[in-house]
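Here are the chains, one letter per residue:
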Amino acid sequence: MTRSFLSIRAVRKTFGAFVAVHDVTIEVPRGEFLTFLGPSGSGKSTTLYAIAGFQDPTSGDVLLEDKSLLAVPSHKRNIGMVFQRYTLFPNLSVAENVAFPLSVRRRPDAEVKRKVADMLALVRLENFADRHPGALSGGQQQRVALARALAYDPPILLMDEPLSALDKKLRQEIQAEIRRIHRETGVTILYVTHDQEEALHLSDRIALFKEGRIEQIGTGEDLYVRPASEFVAGFIGNSNFLPAEHLETAAGAATVRLADGSIVTGLTAAEAFSKGQKVRLMVRPEALSLAPGPASAALAVDIVDTAFFGDRRRVLARTASGDEIDVRPTSDTIDPAGAAAGSGQRIYFDPASAFLFPA
Amino acid sequence: MQGSSLRRGSIAGLTAGSGSALPALLLVGLFFIVPVVALLLRSVTDPEPGLQNYAALFGSGTYVRVFLNTFLVAAVVTAVTILVAFPVAWMLAIMPPAYGSIVFGIIILSMWTNLLTRTYAWMVLLQRTGVINRTLMGLGIIQEPLPLINNLAGVTIGMVYIMLPFMILPLVGTLRAIDPMTLRAAALCGASPFQAFRRILLPLSLPGIAAGGLMVFVMSLGYFVTPALLGGTSNMMLAEMIAQTVQSLLNWGLGSAAAFVLLVITMALYALQLRLVGARRTGGGL
Chain A
1 MTRSFLSIRA VRKTFGAFVA VHDVTIEVPR GEFLTFLGPS GSGKSTTLYA
51 IAGFQDPTSG DVLLEDKSLL AVPSHKRNIG MVFQRYTLFP NLSVAENVAF
101 PLSVRRRPDA EVKRKVADML ALVRLENFAD RHPGALSGGQ QQRVALARAL
151 AYDPPILLMD EPLSALDKKL RQEIQAEIRR IHRETGVTIL YVTHDQEEAL
201 HLSDRIALFK EGRIEQIGTG EDLYVRPASE FVAGFIGNSN FLPAEHLETA
251 AGAATVRLAD GSIVTGLTAA EAFSKGQKVR LMVRPEALSL APGPASAALA
301 VDIVDTAFFG DRRRVLARTA SGDEIDVRPT SDTIDPAGAA AGSGQRIYFD
351 PASAFLFPA
Chain B
1001 MQGSSLRRGS IAGLTAGSGS ALPALLLVGL FFIVPVVALL LRSVTDPEPG
1051 LQNYAALFGS GTYVRVFLNT FLVAAVVTAV TILVAFPVAW MLAIMPPAYG
1101 SIVFGIIILS MWTNLLTRTY AWMVLLQRTG VINRTLMGLG IIQEPLPLIN
1151 NLAGVTIGMV YIMLPFMILP LVGTLRAIDP MTLRAAALCG ASPFQAFRRI
1201 LLPLSLPGIA AGGLMVFVMS LGYFVTPALL GGTSNMMLAE MIAQTVQSLL
1251 NWGLGSAAAF VLLVITMALY ALQLRLVGAR RTGGGL
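First to last, the sequence lines map onto chains A and B. Sequential numbering from 1 applies to the first sequence in our numbering. Sequential numbering from 1001 applies to the second sequence in our numbering.
Please keep in mind that the hints were generated in silico from the structure rather than gathered at the bench. This list has only true hints and no planted wrong ones.
With the Cβ distance kept under 7 Å, some of the chain B side facing chain A (calculated, not the full set):
# : residue
1 : 1182
2 : 1185
3 : 1190
4 : 1192
25 Å max Cα-Cα, derived SDA-like pairs, lysine to any residue:
#  : chain 1 : residue 1 : chain 2 : residue 2
5  : A       : 76        : B       : 1199
6  : A       : 76        : B       : 1094
7  : A       : 275       : A       : 249
8  : A       : 76        : B       : 1180
9  : A       : 67        : B       : 1193
10 : A       : 113       : A       : 186
11 : A       : 210       : A       : 84
12 : A       : 113       : B       : 1197
13 : A       : 76        : B       : 1204
14 : A       : 113       : B       : 1198
15 : A       : 76        : B       : 1194
16 : A       : 76        : B       : 1181
17 : A       : 76        : B       : 1193
18 : A       : 115       : B       : 1199
19 : A       : 76        : B       : 1178
20 : A       : 115       : B       : 1198
21 : A       : 113       : B       : 1199
22 : A       : 67        : B       : 1184
23 : A       : 113       : B       : 1194
24 : A       : 115       : B       : 1183
25 : A       : 115       : B       : 1184
26 : A       : 76        : B       : 1198
27 : A       : 76        : B       : 1183
28 : A       : 76        : B       : 1090
29 : A       : 76        : B       : 1197
30 : A       : 115       : A       : 152
31 : A       : 76        : B       : 1184
Keep in mind that this is a model prediction, so the values were computed, not measured. The C-beta atom is built at its ideal place from N, Cα and C for all residues, glycine as well.
With the hints as constraints, model all of the structure from the sequences given.
So this is what it looks like as structure tokens:
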């Protein structure tokens, strides 16, 4: 199937002079779990609301199976949605809440009954059918909201920070539920969150938003291993950034001089830099090690602090120019002998795992 | 307030708070309980002891018709007030607070304006040669002036206007407690605006409608000025009848009996409201 399922095409939303969303374009294949990740105010929720029909985009189009949704009012879009706040109907029981979308569609009673039972089984709340939402915990309420949103087999499920009101343990529990439900139902999910771990845990692909634009879209691994910008590198996972000066780029490998005067070569440049341009070198804490590997670059540092966590070690190092570096060698690179605090030590990394971004 | 705290606290309450409550109790006793008892006594003693005043009240077709008309007017006024107040209250509930307080101010201001002034203003607007009729005729929408005064229409228009704040205020409180996201959720579930209103918004706002509606109904039952000025002789209300019986016919006994019946009905409705509100507070738990 080459035809696209959900297309968000050049969607733009302005509020007066403020541009909340700048011409966002995304193609979503059927069955994908796509997460809109970004800090608050980055346009991710606004984009989701354009799909839900709560806010018409200023320009651009949203197409589902090649038909524009924009002229369709919310209640005819046939889209499921779970909200940040608990939006269950307080005057209806759990079963009546789940039955609501079916009964407004005038489905036959027998079908409604069977579907409600299926949905409550899916979210494992069979024994709560007759309770009222006020008598449920936050996590249970969001599971009912999920059952209600899936009861009418919508082609798309939108989720707007559904776990942000829950505590950490409950969040992880429901994340696992959401993964299982996505697997079992095959529904296409568009999920909004500002939590990068949640995004990495749940998604097939992540669209990282910044100031109304998509900074990068790809799998969690793409964003982690091949960040397109310093913003992406900083938002997904942990990163060390070291100021440097670009000396030259030959055959795709860049050479820079760090603030302490040391030269690092064989780096991946995000774009073409001119000679002498100020750049920032990014290297992940776990790409650094205390023992030299094949083809590693070395940095002269003082080890400020070190802590041992069994499966990993965490070391805080400082360069001669005063830049602090977070080092988290993975188990296979732990070198107990080199872990002691002190001056005149060296840390190592593979230049291919480091990136250069414009300063 | 004082009465209820005494009732709940029983003997302990009597000893604890009764000292400071005493002046208020005296005031209530002197100016409310005593006249009511006097009223009751008069209705069964004037002109002679017995229940003949009540017999006359319920036996005569004229008086029964006045009772029925009173209920009819109160019911129509309550229904129209709910219909008009609901959209206003909803707008107030979802409005940004800054604008909301301006609209609130306008509503409260109308309550502070003298009742007679407001009612005379309606007379000017509604009469045969009034602003409304002349405008409509000038625009060619009607040929003959509409009968808007001295009938049920006039009473309804005038009283709905006066009752609106009493409906809007409790309703806004109830509607503000409803999360607007709930209605968005209903829309995405496939509910048309009407379905979302009927199945979600209306049930959730019922407590406010009940509280405001009962208040408006009870106030309408005993209303005097507006029905007297805007109503007609054919649909006289109870308060007018009492005034006429006492002032023109000097029949204090019959007037007292009618007033006492009105008081009993009002108190019965108030008790019903208390029970409904109480049941909701203890029962729902939402």
